[in-house]
Amino acid sequence: MDTPQRLRLLSLAVVVVGVVVALVGGLIFSYLAFSLSRAKADTAQLIRIQKIQSNLLSADATATNAFLVGGLEPPAQRAVYDEALSSTSSLIVEAAQAQPADAAALSALNQQVVSYAATIEQARANNRQGLPVGAQYLRNASADLRSTALPILDNLVSSNAARAAEEMDVRVGYVFPVISLLALAGVIVGQLWLARRFKRKINVGMLASAAVLLILTVGGLIAAQQLGSTLSSIANGSFAAVNTAADARIDANNAKSNESLTLIARGSGQAFEDAWKSSADSVAGNVQRLGERPELVTQWQAYTDVHGKIRELDDGGKWDSAVDLATGSAPDSSNTVFGTFDQNLAGYLDEVSQDASSSLANAQPAIVVGAILILLGGLAAAFLGRWGIAARLKEYR
Amino acid sequence: MRWRTPMLAVATFASVTVLSACTFSYTPTPLPSEPANPQPTTSSSPAKPSTCANPLASYEPRGTLPTPESLPGGSTMAKIQKRGRLVAGVSADTYLLGSRNPLTGEVEGFDIDMVKAVARAIFGDPDRYQLKVITAAQRIPALEKGDVDIVARNMTINCDRWKQIAFSTEYYRSGQKILVRKGSKANSITDLAGQKVCAPRGTSSMDNLIKKAPEAIPVAADNHTGCLALFQQGQVAAITGDDTVLAGLAAQDPYAVVPDQKAFTEEPYGLGFNEKDVDFVRFVNARLDEMRGDGEWTRIYNRWLKDALGPAPNPPRAVYGRT
Numbered sequence: 001m002d003t004p005q006r007l008r009l010l011s012l013a014v015v016v017v018g019v020v021v022a023l024v025g026g027l028i029f030s031y032l033a034f035s036l037s038r039a040k041a042d043t044a045q046l047i048r049i050q051k052i053q054s055n056l057l058s059a060d061a062t063a064t065n066a067f068l069v070g071g072l073e074p075p076a077q078r079a080v081y082d083e084a085l086s087s088t089s090s091l092i093v094e095a096a097q098a099q100p101a102d103a104a105a106l107s108a109l110n111q112q113v114v115s116y117a118a119t120i121e122q123a124r125a126n127n128r129q130g131l132p133v134g135a136q137y138l139r140n141a142s143a144d145l146r147s148t149a150l151p152i153l154d155n156l157v158s159s160n161a162a163r164a165a166e167e168m169d170v171r172v173g174y175v176f177p178v179i180s181l182l183a184l185a186g187v188i189v190g191q192l193w194l195a196r197r198f199k200r201k202i203n204v205g206m207l208a209s210a211a212v213l214l215i216l217t218v219g220g221l222i223a224a225q226q227l228g229s230t231l232s233s234i235a236n237g238s239f240a241a242v243n244t245a246a247d248a249r250i251d252a253n254n255a256k257s258n259e260s261l262t263l264i265a266r267g268s269g270q271a272f273e274d275a276w277k278s279s280a281d282s283v284a285g286n287v288q289r290l291g292e293r294p295e296l297v298t299q300w301q302a303y304t305d306v307h308g309k310i311r312e313l314d315d316g317g318k319w320d321s322a323v324d325l326a327t328g329s330a331p332d333s334s335n336t337v338f339g340t341f342d343q344n345l346a347g348y349l350d351e352v353s354q355d356a357s358s359s360l361a362n363a364q365p366a367i368v369v370g371a372i373l374i375l376l377g378g379l380a381a382a383f384l385g386r387w388g389i390a391a392r393l394k395e396y397r
Numbered sequence: 001m002r003w004r005t006p007m008l009a010v011a012t013f014a015s016v017t018v019l020s021a022c023t024f025s026y027t028p029t030p031l032p033s034e035p036a037n038p039q040p041t042t043s044s045s046p047a048k049p050s051t052c053a054n055p056l057a058s059y060e061p062r063g064t065l066p067t068p069e070s071l072p073g074g075s076t077m078a079k080i081q082k083r084g085r086l087v088a089g090v091s092a093d094t095y096l097l098g099s100r101n102p103l104t105g106e107v108e109g110f111d112i113d114m115v116k117a118v119a120r121a122i123f124g125d126p127d128r129y130q131l132k133v134i135t136a137a138q139r140i141p142a143l144e145k146g147d148v149d150i151v152a153r154n155m156t157i158n159c160d161r162w163k164q165i166a167f168s169t170e171y172y173r174s175g176q177k178i179l180v181r182k183g184s185k186a187n188s189i190t191d192l193a194g195q196k197v198c199a200p201r202g203t204s205s206m207d208n209l210i211k212k213a214p215e216a217i218p219v220a221a222d223n224h225t226g227c228l229a230l231f232q233q234g235q236v237a238a239i240t241g242d243d244t245v246l247a248g249l250a251a252q253d254p255y256a257v258v259p260d261q262k263a264f265t266e267e268p269y270g271l272g273f274n275e276k277d278v279d280f281v282r283f284v285n286a287r288l289d290e291m292r293g294d295g296e297w298t299r300i301y302n303r304w305l306k307d308a309l310g311p312a313p314n315p316p317r318a319v320y321g322r323t
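Going down the list, the sequences are from chains A and B. Mapping of the first sequence onto our numbering: position 74 corresponds to residue 74, and the numbering continues sequentially without gaps. Mapping of the second sequence onto our numbering: position 203 corresponds to residue 203, and the numbering continues sequentially without gaps.
The hints are simulated quantities; they were obtained by calculation from the structure and are not laboratory data.
Keeping only pairs whose Cα atoms sit at most 20 Å apart, straight-line, the calculated PhoX-like set for lysine-lysine is:
1) A/Lys318 <-> B/Lys132
2) B/Lys182 <-> B/Lys262
3) B/Lys306 <-> B/Lys262
4) B/Lys145 <-> B/Lys132
5) A/Lys199 <-> A/Lys394
6) B/Lys132 <-> B/Lys79
7) B/Lys182 <-> B/Lys196
8) B/Lys132 <-> A/Lys309
9) B/Lys116 <-> A/Lys318
Looking at chain B on its own, in the form it has when it is part of the complex (with noise of 0.2 Å):
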């Protein structure tokens, strides 16, 4: 048959066609494109702190601690037991100052005797209080709002804050200082040149850091609970903070330790108030006065703080001068 030739043509022109217009496999499903390195906070130079004579000197109590049954009418003591609890501003992961106990769901620390010690003051029970957990950016207004009686969350006192809210007199000296592996040899910040050190995204902590130790590669999480997260996982060689929130740390990891080191900052904690509430903070403080005499504010740190920092050296001295 003559037509064989072009048929075979005609009909391999079709096949062709059709089938180019099928493909038979897909592009591949691509991958998201890697995210951005998080960059380590060069955080910006601070605003210039203000100074004031002396921050530590907040106000003196007037006579002895009054008695929960003697409270003085119309103070701020007075109405906290009316309505039947201390309201406190304090934090839930702050290990061994303030930080919920997975097993038993209480938060317990530090701070959170401290703030059993005012209670028993006001109430004669030390368990009398509500805790309110809050960042350490909502301190200030908390007070502010009046949301909290009271803050205890390993808060400094300076004089930036003192002109927004009062502090008690001091109830626990730290400093900044490093956590290390164990067995590594640096035991200052100046020994970690060339290391990754981690401290939160934004604090003060992070400012030192990049400032006393420029030569360190600065990585920054969002908590300190996280930089003890890359730790573990030997993505940080150190971690660098406050000495009480450091030993929280190393209290989780046989690993990790805090090495023998003079701090390299001064961090004076201080019970934070509204402003206000003068009578409450003399109230406090002489609250403060009789646990440095009795012995009750060593017991307290002995509990907490021993085993990460060693025995209670002696309580801050409570300065005064304020009126």
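Chain A on its own, in the form it takes in the complex (with noise of 0.2 Å):
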């Protein structure tokens, strides 16, 4: 092989390398800025999913602490009730539409809604007639709400979270600055075989191309590494802050259904009691570890304390005195003491869930314009080599 055929094939060499390095670092790139894009739809559907479920337990917290007032239950109650179901009822839509892989699921749960509904009317009815079956259907509907329902909505608050740590690993990332880092080694040896063949020591195509590569090598390690760190401080800090906020909620939420539950026993409710104490300890736990709101551990301290009166004033053989206290409006009352902190926790959830998915959203325009920049560098490499190679060409013509 004569010289001039070695410098056509390394010219066509260098423009691979250029070109392979542009396409694969934009297609990383360009998948590292798709799997942020659903990395947010993933966090977006597992608000919703737990959203649904906050509500879904409010509204039977609603129903059950309603139930104690007798026949006729208050109707600010009632629309809280209707509010919660009929908000559960859109965001369920809302979900199947936006995740077709939860549609399944999610029908499984609408099925299991809307006869948890049919049975609280019929709850309802039959309380109305002084029927003491109605608090059977109550408890009937509660208990198939948390035995059938509640796993359902497990399940899909599981399957969305991996899904959303899935994608918020972006390791591949990586394998950008090592194919860049290879190609440059390529276009040294290409440029070390010139000088030695050539009284030009220095192929200024080719030692600009190189030196793109290099730029593009320390450029896509360093993009990785920030994106890398980006999305793991995401991921501990407001993805892992939405979660603990939402299992609080939820908690606080099965907590207070059970409270209610008791009273509604009398006498014969220490299983609901035991399912209140192990909620109420979750909460505990998880509101600590919130340690931006130092005031909900104290607003959920000061809800067990109010329970802890209810108990006492029903262990004592006072259970009017008891539901006065569950079920009043006064400022000590059950339902204001618990409602302050539900209502501070689901702003301070609000408030989270917006953090992350916005950091994950300012996250993606960097990377796309690196995808963009990487396809350009690469091609830019690929055009410098050939152009070098095509100098010391032209001296044979």
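Assembling the complex is the task here: the two chains are given apart, and the hints tell you how they should meet.
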């Protein structure tokens, strides 16, 4: 093979290397941008599912509490229940549209919600007539909600959390600097061969191509590293806070339902009180972990104190006073104290949910820009290298 | 340009590798596995009931019933009077016997009226009582610990229980019957072969159902009201239990009837006491005698049970002889 043939071959090699760097880098970074937008969607879906869960439990807490009042439930509580249930319905539809992979689970959930609402209505109708079977329908509705609907929601939560975590894994970004580094090594070898073969020790085109590749390697490494740390800070920051706060809200409403169910069972409610305890312990742990809102800890403590008083009254035979404390709207009543906590927590949950999705959204433009720069850089490396070798080829014309 | 072909190959290869790394759709969220169907409780045969000469025999009253002003000093009744209220363990979900009226919040029924009658004898005022709602399983421990003075909670008198507590004379004769849908031809438990019959989990009603109607399909609920919910939802064809309890269920549903039938067990109800309070048992027995004689028992029966079970029969006879 004579020298011009070798030069042509080298030129072809440099172009191939540059184009491969451009394409692979561009694709990897587009993929990362795509992953990130999916992570954002998964997080939004997770938040939606958790909202469904806390809405359902809040509806149940309200329904059971209204039951304690007597035949005629307070209109305000009825309105809260209706609102929680109708927003659950629209969230289920929204969630099914947002994530087709959740559709089957959401349709099963929808059936459960419909049957829950029907059983509650049956309970209500019987209760208005003063028939004890009403309380039984209420117990059945609450028990079915916990045994059939909540497991579906648990699956939805864990699936979406796993999806989001998978999408936030951006280690594939490190493949690009490695490829770019290999390309750089190839261009340097070509440059060395040219230096040996020709009088001009330095080929400007090849050197420029190598410089571009060096910049791409270092830039790609920094970008991958930066992206990784940004995402892990989101995962451990607002994303973790969303999960903790949502768990706390779900458990808190679960506990509130069980408080009423214990009183409704009147002396036979130990199982509900046990369930209250385990939910309450988990809430206490979770609000402790949410360092940002220390008042949540004291607000939850205030509610558990009221609950303690209710139990003391009921266990001491003063059921009526216990019910007054559990259903009243005085400033020191269970509903008021719990409401303060629940609203504060819901507000915080909205805040961190916003945070999580906006920080994921913020990371995206930089990645898209990176993908474009890499594409241009790789093509530039190819063009510069070819241009440099073309100068040597001319000498043979 | 000569490098076009290899270029294309490389580009295709690169895109395929990168794209195959990202999956465009997720695996669907799994549904939770169906909870195992609750098996009907084929409860192991209960321990052999102990026998005694006559479980219905209680302590005979001494003389006539003392007035509230002349209670014997140091007696259990005097202590209750001093405290100011009679503490009774009752049920709050057995309609017509002892259940909370959701409209008024008051616990009311046949058993509660028995408590009121005792309170009237001690205080001269039927409203000087405090109710503690207890489960069936809590009846004996509550008496043993002294948490309550008296238990009025559809409690069957039997030899086993006499070993731990004391009973008044029989104040109601119940028996296990069946409740069916209006229009059903069944009027005995043996007519229910192949049908689903509900009874509360772990009760003697369930044991009797399995024993007397082995062909029926037993379905357990947590309590009788739970059975009524299953019945209304069409999941069971019949419910079995004490006739008073069934009367309470039938009263809540116009399509549930307790057909004319002979009870297939005998459940004599008694008021329960701490076994040491023999003086109190004698006192209450005297009060029950008074109620049998002056028609008060019949009035109470008719107030709660007449609509569901028909007019009052003769009150159960008092049996004495325990020393």
